[in-house]
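Asker: For reference, the chains in residue letters:
There are 2 protein chains.
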Amino acid sequence: MSQNADWQDRIRWDANGLVPTIAQEVGSNQILMVAWMNRESLARTVASGQAVYWSRSRNTLWHKGEESGHFQKVHQIRLDCDDDVLLLQVEQVGGLACHTGRHSCFFNELQVNDGAISWAEVEPVLKNPDDIYKK
Amino acid sequence: MSQNADWQDRIRWDANGLVPTIAQEVGSNQILMVAWMNRESLARTVASGQAVYWSRSRNTLWHKGEESGHFQKVHQIRLDCDDDVLLLQVEQVGGLACHTGRHSCFFNELQVNDGAISWAEVEPVLKNPDDIYKK
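Going down the list, the sequences are from chains A and B.
In terms of the numbering used here, the first sequence is residues 602 to 736.
In terms of the numbering used here, the second sequence is residues 602 to 736.
Here chain A stands alone, though its shape is the one from the complex (with noise of 0.2 Å):
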């Protein structure tokens, strides 16, 4: 699959080649993550059915789940009327899409408690991250 093919040139790139990308669950409609893809990532990400984001900190493909197994099959991906932002329908395998074992990636709540405005982790981790990346 080419890299630079029209559908591509369709999605508005930033200045480093990225787009920002949601992935959601596929019949829950949670947002598992927000990660970026570049035009490679995209392209496997559609010739896999598995998400392949761009890694910022590591600076290199990201095929999610490849170390801890926990793939994302891609149902659906939608892009936004003004062509910067991707959205990914997606099975989570293994249900954790988070680096620290819970579900989602958004679970610090702003919390205002008489006037006191601070965050609290929500939700529970479900797997030792230690227990998550053997290799």
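Please keep in mind that the hints were generated in silico from the structure rather than gathered at the bench.
Each hint should be verified, as a subset may be incorrect.
[To be verified] Computed spacing ranges between beta-carbons, pair by pair:
| id | chain 1 | residue 1 | chain 2 | residue 2 | range |
| --- | --- | --- | --- | --- | --- |
| 1 | B | THR661 | A | ASP684 | 33 to 39 Å |
| 2 | B | THR661 | A | ASN617 | 22 to 28 Å |
| 3 | A | VAL713 | B | GLY716 | 51 to 57 Å |
| 4 | A | ASP683 | B | GLY716 | 23 to 29 Å |
| 5 | A | ALA648 | B | ASP683 | 23 to 29 Å |
| 6 | B | HIS676 | A | GLY628 | 19 to 25 Å |
Note that CB positions come from ideal geometry on N, CA and C, so glycine has one too.
Place chain B on chain A using the hints.
Answerer: Frame of chain A; chain B shown alone:
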């Protein structure tokens, strides 16, 4: 409300002082849109209970719905595991989040037919944009 509150320092603002923000519909869990926030827009969102973004194109605060009446009532604010994406759970007044007159901005679906890949608009326009934005 201080714009430099501790709870805001937790967020990893990008080089432009912005953070991508997902608006997700309470109940259906559908993703309505993705926009950006800076410190002031987030502070105003928390204080008012309505979504206030930062418009990168107009370089100004953007109280969603200020022209259309399609405000977003914020039920919950979440932050992801690496502190660089916000998630708002909102009630979308008027049912239309997208400037195209659609419920959601994510109406373009990637379709593969006999090896040909293209984007298709798969969500209906519910209201003519000309009828939404009349000052």
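Asker: Please go over all the hints and tell whether each is borne out by the structure.
Answerer: For each hint, the structure was consulted:
{"no.": "1", "hint": "B:THR661 x A:ASP684: 33 to 39 Å", "in the structure": "22 Å, violated"}
{"no.": "2", "hint": "B:THR661 x A:ASN617: 22 to 28 Å", "in the structure": "25 Å, holds"}
{"no.": "3", "hint": "A:VAL713 x B:GLY716: 51 to 57 Å", "in the structure": "53 Å, holds"}
{"no.": "4", "hint": "A:ASP683 x B:GLY716: 23 to 29 Å", "in the structure": "28 Å, holds"}
{"no.": "5", "hint": "A:ALA648 x B:ASP683: 23 to 29 Å", "in the structure": "28 Å, holds"}
{"no.": "6", "hint": "B:HIS676 x A:GLY628: 19 to 25 Å", "in the structure": "21 Å, holds"}
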